[in-house]
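Listed in order, the protein sequences are those of chains E and V. The opening residue of the first sequence carries number 0 in numbering that gives the first Met the number 0; numbering runs sequentially from there. The opening residue of the second sequence carries number 0 in numbering that gives the first Met the number 0; numbering runs sequentially from there.
By construction, these hints were calculated from the structure, which means they are not laboratory data. Since we're looking at a predicted model, the values are computed, not measured. Any given hint could turn out to be false.
Computed list of lysine to aspartate or glutamate pairs in EDC-like fashion (alpha-carbon distance at most 16 Å, straight line) [said to hold, decoys possible]:
#, chain 1, residue 1, chain 2, residue 2
1, V, K298, V, D600
2, V, K791, V, D506
3, V, K539, E, D13
4, V, K576, V, D618
5, V, K762, V, E350
6, V, K801, E, D13
7, E, K92, E, E51
8, V, K450, V, D425
9, E, K26, E, E10
10, V, K588, V, D600
11, V, K249, V, D18
12, V, K102, V, D84
13, E, K26, V, D814
14, V, K49, V, E122
15, V, K539, V, D506
16, V, K463, V, D412
17, V, K804, E, E84
18, V, K768, V, E350
19, V, K585, V, E842
20, V, K834, E, E51
21, V, K557, E, E39
22, V, K801, E, E10
23, V, K194, V, D348
24, E, K88, E, E76
25, V, K271, V, E89
26, E, K26, V, D506
27, V, K557, E, E51
28, V, K194, V, D326
29, V, K194, V, E351
30, E, K75, V, D558
If you want the footprint, here are the derived chain E segments under chain V, 3+ residues with CB under 8 Å [unchecked claim]:
#, region
31, 64-75
32, 84-93
33, 97-103
Backbone N, C-alpha and C define an ideal beta-carbon position, used for all residues, glycine too.
So the chains spell out like this:
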Amino acid sequence: MSEKPWISVCEINDLLPDTGVCALVNKQQVAIFRSRRLNEVFAVSNYDPVGEANVLSRGMIGSIGDEVVVASPLYKEHYNLRTGECLEKPGYKIPVFPVRLDDGLVQIQA
Amino acid sequence: MKTRIVVVGNGMVGHKFIDNLVNHADRDQYQVITFSEESRLAYDRVQLSKYFSGSTAEDLMLTSTDYYNEKGVQYILGDKVIDLDFDNKEIITASGRREAYDKLILATGSFPFVPPIPGNNGEHCLVYRTIEDLERITASAQQSKIGVVVGGGLLGLEAAAALKAAGLETHVVEFAPRLMAVQLDEGGGKLLRRKIESIGVRVHTQKATNEIVAGAESRYRMNFADGSHLETDMILFSAGIRPQDELARKCGIGLGERGGIVVDNNCQTTVKDVYAIGECALWNNRIYGLVAPGYQMAKVALSHITGGKDQFTGADMSTKLKLLGVDVASVGDAHGNTPGSLSYTYSNDVEEVYKRIIVSADNKKLLGAVLVGDVEAYGTLQSMCVNGMDLPEDPNCLILPNVDGGGAAIGVDALPESACVCSCYDVSKGAICCAVQDGARTMGDIKAITKASTGCGGCSALAKQVMDSELKKIGVEVSNHICEHFPHSRRELADIVRIKQIKTFDDLLDQHGRGLGCDICKPAVGSILAGFWNEYVLDKKHIGLQDTNDIFLGNMQKDGSYSIVPRIAGGEITPEKLIVLGEVAKEYKLYTKITGGQRIDLFGAQLHQLPAIWKKLVDAGFETGHAYGKSLRTVKSCVGSTWCRYGVLDSVGMAVMLENRYKGVRSPHKMKFAVSGCTRECAEAQSKDFGVIATETGWSLYVCGNGGMRPRHADLFATGLDDVTLIKYIDRVMMFYIRTADRLQRTSVWMENMEGGLDYLKKVVIDDKLGLCEELEAQMNYNISQYQCEWKTTVENEELQKRFKHFINSEARDDNLAYVVEREQIRPATALERKSNNIQLVELVD
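Work out the full structure: start from the sequences and follow the hints.
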């Protein structure tokens with residue numbers, strides 16, 4: 000299986016600390032978050048499967064126990080940013096995308 | 000066949016009986032019909048005086064025809080029961096109606112005693128008992144300058160308050176040597192008199208009225224036995240009550256020597272299947288003229304009918320109330336009539352406080368108490384007395400101020416399960432414990448489930464202690480921590496932020512928290528920071544704390560689009576601005592709707608459109624309406640005295656001023672205001688967090704009301720206010736709310752959970768009990784000085800607008816948005832419509 004290419008979507012400074020943005024990558028909407036404390040970037044699908052809207056990038060990030068999560072801005076379900084699992088509704092799982100920083104650029108595989 | 004119960008009289012006690020019955024487990028086995036000679040169903044006589052401070056007859060109602068209809072209660076109003084036929088078990092009314100009964104309840108109440116003084120039947124000689132009486136008093140007061148109340152007891156002083164409120168020169172004439180002779184001892188009576196006289200009510204004790212004749216300067220002249228006299232325009236008799244036993248007397252039911260229907264421990268009269276309850280009933284040669292014993296009788300009679308075991312064995316006559324603004328309470332044997340009893344007295348003329356407790360000869364048990372000026376200890380003393388608990392080692396601590404933190408608190412664990420905590424609603428300690436076991440966790444829950452503390456509120460501190468103790472017992476950690484990231488309540492966090500002058504979430508988390516934070520603590524801390532420092536919420540330091548709506552300064556709708564609400568202060572808008580709103584909505588194809596807060600909401604804006612739309616609005620002179628924030632929303636107003644024929648003050652002007660003053664102030668939850676220009680209250684101010692109503696004597700301020708899911712009438716906080724005092728009080732209450740409320744706690748729930756309730760809040764805000772007022776005002780002034788229109792700031796700075804895009808790396812728009820036309824405007828397409836090929840979708844504006 001050939002690996003998908005890394006695609007640069009923005010500069011790290013476009014991402015305000017502890018907020019998210021949405022990027023369009025291969026026709027997919029990808030929500031990207033930057034945690035200042037962890038000094039880490041996360042990428043998941045922007046589609047909220049419960050609220051059925053493209054809004055997850057506008058959610059608030061934080062931690063619950065050891066998990067790093069984003070809360071849906073619509074109905075506040077929490078999704079694990081590393082696994083995509085929904086904490087409140089186990090049936091729901093959102094896609095997670097590989098993400099990396101390359102010389103100040105945020106890159107996604109999607 | 001259902002058992003047929005007839006209830007004669009639909010006063011407070013008659014209604015209580017019915018209400019208990021229709022909520023009883025065996026209610027299906029009974030049919031109930033009630034008669035009232037009054038033209039309305041039961042109302043709250045205890046709160047009658049509120050009629051003079053703005054409450055309407057409707058506000059005082061305890062029930063409604065709808066409720067009775069729903070519960071299958073038959074009611075006949077304005078038809079008096081005049082005869083009883085025991086052989087056929089029927090009642091007969093004035094109109095000739097006959098109704099059969101299996102069980103008959105006499106709840107005929109009492110009537111005011113008018114002393115047999117010659118001249119006592121003049122047109123302006125009135126009594127104080129029913130709503131009709133109040134109407135007569137109001138009418139008479141309008142034609143009078145001076146008013147006299149005959150009787151210095153509890154009801155007499157309430158009547159005096161009514162006359163005072165009506166603006167009359169008010170006198171109280173009492174036969175006994177002191178006021179409230181039944182409840183108070185000499186010291187208490189003396190202080191009460193001093194306090195009442197200091198607010199301008201003239202008190203005349205030891206006066207027996209010989210006759211009432213025509214006056215020289217006023218309508219009447221009262222001649223007293225000691226040769227003195229008093230001129231007055233109206234006279235209110237409030238010299239005690241007499242049981243309404245006329246019907247029983249006529250029909251041969253056993254009465255006491257001086258009247259009253261004799262009942263046994265089951266509230267049965269001398270006639271089979273006939274019960275008497277409330278103020279018409281005589282138990283052990285005694286009439287109980289308070290509502291709580293009447294409620295107990297209602298419970299006992301129902302218990303006997305339904306096969307229960309409750310008995311009436313006398314009642315506690317302890318009382319706590321506020322008369323003419325003075326707090327007064329009396330517990331048990333207030334006069335120390337018990338042989339050998341001893342007393343402790345605390346008397347403070349400077350702060351005008353008098354407290355005395357009566358204890359048993361062995362100094363072990365509390366027998367009674369009198370409290371004037373400070374009644375905080377009432378709950379503790381009353382329950383200690385009623386439940387026969389041991390006195391603390393040093394009984395002084397029960398009345399001395401600030402001994403050991405001022406706590407007259409007793410261990411609630413010492414109370415038996417059966418101990419009555421709330422005597423208004425007869426709620427036992429056991430009932431509160433049960434509620435906790437069934438899941439109640441807050442005082443709000445306890446009130447909703449048991450009704451405890453929803454009457455006079457005197458037991459709220461005790462009820463909370465019982466609740467906390469039970470929570471602890473069943474192992475519920477009474478944790479008020481806001482979330483796992485901070486071991487503190489919102490209030491504690493607010494104190495930390497304020498005292499340590501913390502300006503960012505990161506600093507607070509570093510110093511007092513753990514983890515990354517979450518969607519609970521971040522917005523809460525964001526709100527606290529804004530509540531004190533009021534910095535731009537989209538500043539880099541704060542942006543991560545902003546919730547769904549705040550973070551883009553708009554209200555996110557179900558599909559991820561936003562609605563836009565510009566501020567229209569007081570609901571007042573020029574034609575030019577209306578046109579701008581219309582043009583903007585048209586250009587961007589927005590759905591427009593008038594909101595409940597008298598402004599205009601524009602729906603369906605895409606994220607990237609927000610700055611452009613707001614640029615147009617700001618250029619036209621609009622400001623953000625903060626519809627997205629936990630902050631002041633709107634100040635609704637009626638048109639007021641500038642246009643309305645009935646307006647008393649300029650309500651729109653006041654609303655605009657208030658809205659401009661408090662716009663942008665962040666609080667634990669949203670806040671709504673309203674200002675009405677007269678007591679017709681067209682702006683519905685009593686359903687708001689802060690309600691202001693114009694009266695002839697100035698503004699009345701109401702606080703902590705709510706509409707919505709759990710409506711709550713606002714409490715009357717202060718009356719007769721000028722503009723400056725009004726604002727001062729609002730500043731203080733609001734900042735106290737910002738400091739002390741829980742996260743997302745509306746003012747209504749904040750008030751319900753506040754120990755000491757409305758009285759406490761008044762003490763803090765009006766009397767400055769905590770010495771905080773200056774600080775609260777300064778803090779509010781600072782907050783207001785930091786105001787900025789967040790949208791103005793945003794549209795003036797290109798950098799800040801960068802975030803307002805759906806994609807960081809593309810100009811495309813969210814292809815999930817789809818709209819159709821309905822009633823000539825757009826709305827989001829349904830899932831079905833999206834799939835269908837025949838539905839015409841609206842072409843979106845870029």
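These are the hints, each one checked on the structure:
1. Straight-line distance between C-alpha atoms of K298/V and D600/V comes to about 52 Å, which puts the hinted pair past the 16 Å bound.
2. Distance restraint check for K791/V and D506/V: the Cα-Cα separation of roughly 29 Å exceeds the 16 Å cut-off, and the hinted pair is therefore not satisfied.
3. With a C-alpha separation of about 12 Å, the suggested pair K539/V and D13/E falls inside the 16 Å cut-off, and the hint holds.
4. Of the pairs offered as hints, the one joining K576/V and D618/V holds, with about 11 Å between alpha carbons and a cut-off of 16 Å not exceeded.
5. Between K762/V and E350/V the CA atoms are separated by roughly 13 Å; this keeps the pair inside 16 Å, and the hint holds.
6. Our distance criterion of 16 Å between C-alpha atoms is met by K801/V and D13/E, whose separation comes to about 9 Å.
7. Proposed proximity of K92/E and E51/E is supported: the alpha carbons are some 13 Å apart, at most 16 Å.
8. For the hint pairing K450/V with D425/V, the CA-to-CA distance comes to about 9 Å; that is within 16 Å, so the pair holds.
9. The hinted pair formed by K26/E and E10/E fails the criterion: a straight-line CA distance of about 20 Å is larger than 16 Å.
10. Restraint check for K588/V and D600/V: satisfied, since their Cα atoms lie roughly 13 Å apart, inside the 16 Å limit.
11. Using a Cα cut-off of 16 Å, the hinted pair K249/V and D18/V is violated, with the two alpha carbons roughly 29 Å apart.
12. At most 16 Å may separate the alpha-carbon atoms for a hinted pair to count; K102/V and D84/V meet this at roughly 13 Å.
13. A C-alpha spacing of about 10 Å is found between K26/E and D814/V, which places the hinted pair at or below 16 Å, so the restraint holds.
14. As the CA atoms of K49/V and E122/V are separated by approximately 24 Å, the hinted pair breaks the 16 Å bound.
15. For the suggested pair K539/V and D506/V, the alpha carbons sit about 14 Å apart, so the restraint of at most 16 Å is met.
16. Distance check on the hinted pair: K463/V and D412/V sit about 13 Å apart at the alpha-carbon level, within 16 Å; holds.
17. The hinted pair formed by K804/V and E84/E fails the criterion: a straight-line CA distance of about 27 Å is larger than 16 Å.
18. For the suggested pair K768/V and E350/V, the alpha carbons sit about 12 Å apart, so the restraint of at most 16 Å is met.
19. Our distance criterion of 16 Å between C-alpha atoms is met by K585/V and E842/V, whose separation comes to about 13 Å.
20. For the proposed pair K834/V and E51/E, the alpha carbon gap of about 14 Å is at most 16 Å, so the pair holds.
21. At roughly 30 Å between alpha-carbon atoms, K557/V and E39/E are farther apart than 16 Å, so this suggested pair is violated.
22. A C-alpha spacing of about 13 Å is found between K801/V and E10/E, which places the hinted pair at or below 16 Å, so the restraint holds.
23. Taking the CA atoms of K194/V and D348/V, the gap is near 11 Å; set against the 16 Å cutoff, the hint holds.
24. For the hint linking K88/E to E76/E, the alpha-carbon distance of about 8 Å falls within 16 Å, and the restraint holds.
25. Taking the CA atoms of K271/V and E89/V, the gap is near 13 Å; set against the 16 Å cutoff, the hint holds.
26. Pair hint K26/E plus D506/V does not hold up; C-alpha atoms about 40 Å apart against a cutoff of 16 Å.
27. Using a Cα cut-off of 16 Å, the hinted pair K557/V and E51/E holds, with the two alpha carbons roughly 8 Å apart.
28. For the suggested pair K194/V and D326/V, the alpha carbons sit about 10 Å apart, so the restraint of at most 16 Å is met.
29. For the given pair, K194/V sits about 8 Å from E351/V by alpha-carbon distance, which is consistent with the 16 Å threshold.
30. Restraint check for K75/E and D558/V: the C-alpha separation of about 15 Å stays at or below 16 Å, so the hint holds.
31. By the rule of at least three residues with a Cβ nearer than 8 Å to a Cβ of chain V, the coverage given for the region 64-75 of chain E holds, with 7 such residues.
32. Given a C-beta distance limit of less than 8 Å, the hint that chain V covers the region 84-93 of chain E is violated, as 0 residues qualify and 3 are needed.
33. Given a C-beta distance limit of less than 8 Å, the hint that chain V covers the region 97-103 of chain E is violated, as 0 residues qualify and 3 are needed.
Hints 1, 2, 9, 11, 14, 17, 21, 26, 32, 33 from the list above are not met by this structure, while the remaining hints are.
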